[in-house]
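Visitor: If you're matching them up, the sequences are chains U and V in order. Take 1 as the starting number for the first sequence in this note's numbering and just add one per residue. Take 1 as the starting number for the second sequence in this note's numbering and just add one per residue.
These are computed hints drawn from the structure, not numbers from a lab. Be a bit skeptical, because a hint or two may be false.
Stated by the list, open to error - Chain U side only, calculated, beta carbon under 7 Å to chain V, not exhaustive:
| # | residue |
| --- | --- |
| 1 | 42 |
| 2 | 43 |
| 3 | 48 |
| 4 | 97 |
| 5 | 98 |
| 6 | 99 |
| 7 | 102 |
| 8 | 105 |
Heads up, the beta-carbon is just placed ideally off N, CA and C, and yes, glycines get one too.
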Amino acid sequence: ELKVEQNPLFLSMQEGKNYTIYCNYSTTSDRLYWYRQDPGKSLESLFVLLSNGAVKQEGRLMASLDTKARLSTLHITAAVHDLSATYFCAVDIPQGAQKLVFGQGTRLTINP
Amino acid sequence: DAGITQSPRHKVTETGTPVTLRCHQTENHRYMYWYRQDPGHGLRLIHYSYGVKDTDKGEVSDGYSVSRSKTEDFLLTLESATSSQTSVYFCAIGQIYGYTFGSGTRLTVV
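Extracted from the complex, chain V is given alone in its bound form (with noise of 0.2 Å):
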């Protein structure tokens, strides 16, 4: 299995916070993603990555931003939190046959 860790795997914050999440991998992947998940919504895609400082939005991108300065770390941000952002965060990799997801992160912004 591809190595892929999410950090912190759960948090609160208060509104108007900035938030930072992070996705590591460990095999040099080129794809990667971050999506977040609500009820009756399935997952959306928020922002991808196909390369270091190649960025690019998803369906569901205001209100977030991403960076990645090396191949192994993604990084989404709340520029500024909001409850419509309370939710589980999941990063994925893509792979050649398919995409593999990490544990996820469950916000709260309170």
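Here chain U stands alone, though its shape is the one from the complex (with noise of 0.2 Å):
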């Protein structure tokens, strides 16, 4: 059974500093999604991270993906307020149908 777990659950932190949030999976995957969601909205896309050694970078967000340590990373650079937000990462069951395994979800706070 695929299992997904996000470190730390709940993080606070000042405008200006960085910080990584870290998800790490129990089995073999080669796809990797974060996903941020808003108080009371729905899901939305940041990074599909495909093979290993992917890497992606939107603004202040950056994305890695290690498939042989089964690790994958979001770090954030600079901080700001606007990036509060609760942040998932999920991952792709390898065998059989298309479906996701989420993580627990980190919360960020971003004080100014």
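Combine both chains into one complex, guided by the hints.
Guide: Following this line, the structure appears as structure tokens:
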């Protein structure tokens, strides 16, 4: 059974600081997703990482994937208040029909 | 963006009553999913469909059933709602390089 674990689950940081959210998963998969969710809203796709060593960047967010370590990171550079949200990683189950398994989510609060 | 709509957006129902949530998509995608979101658990898969009349169970399927009689519609039914089924329910469609989620249905069972 595929398990996905994120840490930390809660993160409070100051504007201007850097931080990293970690996503570990338990079985082989070549496809990992990062989503953002604002309170009361749906999930917004941030990144799709499709292969080992993949790195994608959008603004102050950068995501990477190491399939050998079964680890993805979401790095936040010089945080700003607008990045406050809950961030989820999710992994495709490698066998059978296409479906996602989610981590618990990381609630990020960025303080002025 | 793929067109995906959920209805209703909010519902309050009584324990023991049946409830049906609807997910509608406009772009003929094969895969559709129902997830529930609860604090501390992320999103957990309830049921999914890989075609008309083709469905399978997910991680937390007890107490739920689904139907897909047309490509565009995927229905989730709570056969006899319980308080533990109070949650936010998200429908999703699977595409080649990702998944798109609906706006969610907030269900409260009292």
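Visitor: A separate judgement is required for each hint: does it hold in the structure or not?
Guide: Do the hints match the structure? See the list:
At a threshold of 7 Å, the smallest CB-CB gap from residue 42 of chain U to chain V is about 5 Å, leaving the interface hint in force. A least Cβ separation of about 5 Å between residue 43 of chain U and chain V falls short of the 7 Å threshold, and the interface hint therefore holds. At about 5 Å, the closest approach between the beta carbon of residue 48 of chain U and any beta carbon in chain V falls short of 7 Å, and the interface hint on this residue holds. Look at residue 97 of chain U: its Cβ gets to within about 5 Å of chain V, closer than 7 Å, so that hint holds up.
Hint status for residue 98 of chain U relative to chain V: holds, with the closest Cβ pair at about 5 Å, below 7 Å. With 7 Å as the threshold, the beta carbon of residue 99 of chain U comes within range of chain V, its nearest partner Cβ sitting at about 6 Å, so the hint holds. For residue 102 of chain U, the interface hint holds, the least distance from its beta-carbon to any beta-carbon of chain V being 4 Å, beneath 7 Å. Annotation: residue 105 of chain U was flagged as interfacial toward chain V, and the flag holds, the nearest CB pair being 5 Å apart, inside 7 Å.
Figure legend: structure checked against the earlier numbered hints; every hint is met.
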